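So the chains spell out like this:
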Amino acid sequence: MTAVEQPGYVGAPVKRREDLALLTGRTTFVDNLTRQGTLALAVVRSPYAHARIAGVDTAAARAASGVVAVFSGADLAADWKSSLPCAWPVTEEMKSPPHYPLATDEARYVGDGVAVVVAETRALARDAAELVDVAYEPLDVTVDVEASLEDGAPLVHADLGTNECYVWKLASDGFDEGFAGADVVVTRRYVQPRLIPNAIEPRAVLAEAGPAGELTVWSATQVPHLLRFGLGLVLGIPEAKIRVIAPDVGGGFGSKLDVYAEEALAAALAVRLQRPVKWTEERSENYVATIHGRDFVTEYTLGATRDGKVVAVKADVKAAMGAYLQLVTPGVPLLGAWIYAGPYDVPHYSVTFTGVFTNTTPTDAYRGAGRPEATYVIERTMDALAAELGLDRLELRRQNFISEFPKTIASGLTIDSGDYHASLDKLLETLDLPALQAEQRARRERGDVTQLGVGFSTYNEMCGLAPSRILGAIRYAAGGWDAATIRFQPLGSVQVITGTSPHGQGHETAWSQIAADQLGVAIDDVEVLHGDTAVSQLGLDTYGSRSLPVGGIALWHAGEKVIEKARAIVAHQLEVSPDDLLFERGTFSVQGSPDRSMTIQAAALEAWTAHNLPDGMEPGLEETATYDPPNFSWPGGAHAAVVEVDTETGDARLVRYVAIDDVGTVVNPLIVDGQVHGGITQGIATALYEEGTYDGQGNLQQATMTTYLVPSAAELPSYELERTESRSPTNPLGVKGVGETGTIASAPAVINAIVDALSHLGVTDIGMPATPERVWRAIQEAKQ
Amino acid sequence: VIPAPFDYDVAESVDHAIELLAGEPEAKLLAGGHSLVPALKLRIARPVKLVDLGRLADLSYVRVAGAQLAIGALTRHSDVAGDPLLQEHCPIVSTTAAGIGDPQVRHRGTIGGSLAHGDPASDLPAVMLALGAELVASGTGGERTIAAADFFTGVFVTALRHDEVLTEVRVPKLGGSTGWKYRKFHRRAQDWATVGVAALVQRDNGSVAGASIGLTNMAGVPLRAPAAEAALAAGASTAEAAALLAEGTSPADDQAASAEFRRHLVRVLGRRALDDALGR
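Residue numbers (this note's numbering), protein chains in the order written: chain A, 1 to 784; chain B, 1 to 280.
Read the hints as simulated data drawn from the structure, not as lab findings. Just so it is clear, the structure is predicted and the values come from calculations on it, not from any experiment. The beta carbon of each residue, even a glycine, is placed where N, CA and C say it ideally should be. A couple of the hints might just be wrong.
[Stated by the list, open to error] Derived CB-CB ranges, DEER-like: (1) B:279 x A:710: 45 to 53 Å; (2) A:299 x B:149: 37 to 45 Å; (3) B:85 x A:433: 26 to 34 Å; (4) B:104 x A:52: 49 to 57 Å; (5) B:6 x A:11: 40 to 48 Å; (6) A:433 x B:279: 47 to 55 Å; (7) B:64 x A:710: 42 to 50 Å; (8) A:236 x B:156: 45 to 53 Å; (9) A:712 x B:6: 45 to 53 Å; (10) A:674 x B:5: 38 to 46 Å; (11) B:247 x A:697: 31 to 39 Å; (12) A:187 x B:279: 47 to 55 Å; (13) B:104 x A:618: 57 to 65 Å; (14) B:248 x A:191: 14 to 22 Å.
[What the hints assert, rightly or not] Calculated Cβ distances over 10 Å to all of chain A for the following chain B residues: (15) 2; (16) 4; (17) 134; (18) 149; (19) 187; (20) 190; (21) 191; (22) 236; (23) 249; (24) 258; (25) 279.
[Unchecked claim] If we take Cβ atoms under 7 Å as the criterion, some of the chain A residues that face chain B in the derived model are: (26) 126; (27) 152; (28) 648; (29) 649; (30) 701; (31) 709; (32) 713; (33) 773.
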C-alpha cells in the first residue's frame, strides 16, 4: 500500500491521469470497439428540407454486395413503442409532434433519416445507401425563426396548424408598474447564430442483443443513464435488461446529451438481426444529423433611472426548435430564464420565450444552453445603456451589482454566493485599462488603420443541474440528483463509482483528489469507475456543469458514510466509543491516546474478514450516497477582451483576453483552466467565426469544416486567467460548476470590444459573428 | 468519409502515368492528395481510377534552367518554401508556398497538384500568372509548354488534356530591381484565400517602371489586372492603381464574402501589396 505522503490533493494542480491513454492512442472510443460478427449501419437521409415521402424502393440496395438488410421508415414503424423522448414539455399546452427514428410520411429537414442499410462493412453499407430510391414530393420550406411565426408561413408539422411550439412566460409581480417607473428605456434586437457543436469524436453506437433478450449498447454519449431510460421507452425493453456503456467519449458540449435516432436504430436492428450493429457518424453527417445550438432572436429592454439604476429588464425571445423536439430542446431557453438580469440587482423582471418549429436540424443544449444567450443581451445592452446615459460602462455595472448574498433575485431564485466587485477589481488589476485607453486615444488621433478596443462582460450564471423539486416545478421529466459509491477493497484500495459520465472533463483525476483527501489515502489508491450502467446503477450523467457540484458532493457524502462505518469498526476493536476517535489523514486514533490507532485501510480489511465486527453490522466497507442539491450553483466573474480592428478590411483580431472567474473552491486548477480555456474559445468562436445558415431550400450553407469556421490556436492569443473564490455555502466542498462559464461570459466581451474600437466612427452595434464583411458594412453604414 | 469505389494504379514513371491515363478517360491523377482526397471522401469527386504519382521521386526538384528556375511538379509546398534557389531568385514563390494551408497540407501538397487542380481560391495560380510562368506537360502527343496565362481555363479546369501530366513549372529569376509581395485575406490560418493579390513591381529609383499583378479568387480563374498595371506604367500612385483592381473581375458571392466585399478587399489588399513590393 502506498504511503500517504502529500495530504491536500484538493486545490493542487494534479496532472490528469486520463491523458496517458488518450495521448498514446490506447483508447476505447466506440468506433475502436468490435464485437464478433458486427454489421455496419448506414442511414439514408433526406436531401430535402421538407418533402412527402411517396415511396421507398429498397430493391437495388438489397441486391448490392454485402448487404444484409434494408429498411424504410414504414418497415420499422412497428418496432417503436414510443416516440424518441422529449423530456421537457415546458408548458401543458406545448406541441410535441411525434418523432420516430425514421421518417415515414414526411421528411422535415435535410438529414432526416428515411431508410437504413445494414451491411458487412461500413463501406458497403455506404455504397448501398446510395442505391435506395426514395420518391420525394417537395413541400414548402421554412427556416427563419421569425418568419416561421408569420401568417401563411409553410408549416413544419401541418397537423399542428402552427409553427409555434410553446409560449412560456416568467414575470415578477407588478412588472408593468415597475417598468413604467424607468426614466430611460433602451431596447435592442439581437441574433444568436445557429451553432454546430463539432465534438472532435462524431457520434457512434454499437449495439448487441443477447440470447435472453438483454441489450448492450456502447455509445459516444454524455448520458448513459438517460439513454438506458430512453431506449427502454422507445424499444419497449425493460431497463433492467439494458446495459449502456459510454467508453472514452471525445467531447460533447451538449451534443451527446440526447437519445438519438441512430442509437434506437442500432439497438432495434441488433435485436431484429441478432448480430451486433455499429454506426459511426461521418463528419459531414454530423453537421446535419447531430443537434445544433442557439438560433435565437431576442428583443431585450433595460429600463433605468437617469442616474443609472436599472429598474427593469424585459426579454422577448424567439427560439428555434428545429424540425423536431430532441431530449431537452424546448427547455434550452429556460436554462437561462432566471438570469436575464445578470449579476445586477433589478427589481422588475419579465421574460417570454416562444419556441418555433423550422425545417432545420433540431436544436438542443449546446455549452451554456440558454445562459450565453442571456448574458450576451444583458452585457451588450449595459454598454448601450451606459452610452445612452453618458455613464462609464464599468461604473454602471458596479452601481447595479448585487453585493449581498445569499440574494433572492426578482426572477425568483436565490444566488448562493459571489463577489462581483472583487472579480472586476482583479480584472482591472490584470488588464491595465488606462494604458489601453491611452493607446486607443493615440491611434484615434493618428487616424490609424488598425484601431484598438476593450470590451467587458461581467456575468453570473446558474448551473449544477439541479434541485429536483425545481426541475419538477418547471416540468422537466427527470430529477437533478446524482449518486456515488465508495468501495474499499480488502487490501485498502478504493473504487469510486460515479453516476456522472465524463467525456473529456477529467473526472477520474478530480474525483480521486476529493476521495483521497477525504479518506486519507494516496491518490493512486483510488480508482474511478463511470459510464457503464452495469457498474453505476444510479446516476444522471454529465451536462449543465453538474458533475462536481452534484456528483462530486454525492461522492463526499458517500465518503462520510464510509468513514462512519469504519469508525464504528475501529471503536469496536479498540473498545472505545466512536465519539472518542479522531479521524485524520486516514487514521482513527483515540483522543488522548494517539498510540491507540487504526487506519481506515486496516478497518477495510477487518470489514472484509468480518471476524470481529460490532453485532449486527454487515460485512464490507462500501457505501452509496445520493445527493439532491438544495440550490443551483452560481459562478460569476469579469472578463475583458482587447481587439484590434482593421478598419479597411473589417478584420477583428483578439490581442488579449483576460478572465477572472469565481467558481467557488477549485479542486484542480489545471482542469479548471482547461475548462475555462475551452469555454472562452467557444464563446469567441460565436463572436467572431461560427455561424450555421440555411438557404431558402433549407440547405445548411456551412456543412463542412472548411466552411464552418471553428477557430484554431493560430487565431487566438494565450488567455490571462485568474480567479476569485466565493465558496458555495450550499455544499460541503464549496464548489460550483465551471464547464460553461467561459462560453457564457466571452462572446459579449468580444463584441463590446469591437464596438468600442469603432465607436469614434459612429458604430454602435455589430451582429455575431463579427465577420470582416459585417464589420466593414457597419463602418460603411456609420459613415452615412 | 468513405469514397465511392475506384480502381487504383501506381505510376512507375511519367510515361507509365500517361499510359494509365490514356486507357481510362474517367481517371484522375493523385499527387499530394490534399485537394482530391477530401473531394473523394465527400463523394464530390467520383473518378473510376486513381493514378498515383506519389512514387515519382524524380519529379521533386528545383534547379536553375538558364534565366529560369525549374520546379518539379511533385515538389511539396514545404520543399518549395525552404528551397534556397527560390528564396534567392524568386522568393515570391517560396514565401507564398510557406503560407498555403497548414503544416500537414504543406508537407503533402505539391506545386503541380495545386496548379493542376485549378482552384480559383488557391494561392499559387495568381503568383504564376504575375510571374509569367511556364508549365510543362507531357502526354501521348509529347511534351509541350503552356504559358500560365493560357493554363487556367475555368473553375477546376485547366488546359491540361486528359492524358497529360504536368511535370515542371518554370519561373523567371527576378532581378534586384523587382519588388514582390503576395497578400491574401483569409479568416483562419489554414483557410483558402477570400481574395489574394500577387504584385511584382519593377522599381526605378523609388518609382514604378512597370508592374505585373495576379489576382486570386476574383473570378473562376486567376486574373491579371491590366488596368492597374497600365496605370502604374503611366506613373499612377499605388493607391490610384489599386483603385482599379476590381475592374474586369467577376468574383463569387459565397459564404466567405459577397462579390461586393471581394471587390473592396482586392483594392485594399492590392494597395498594400504594391506598397510592400515597392518597399522591398
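- Task: Hints the structure violates: just list their numbers, smallest first.
- Result: 1, 2, 3, 4, 5, 6, 9, 14, 15, 16, 19, 20, 21, 24, 27 and 32
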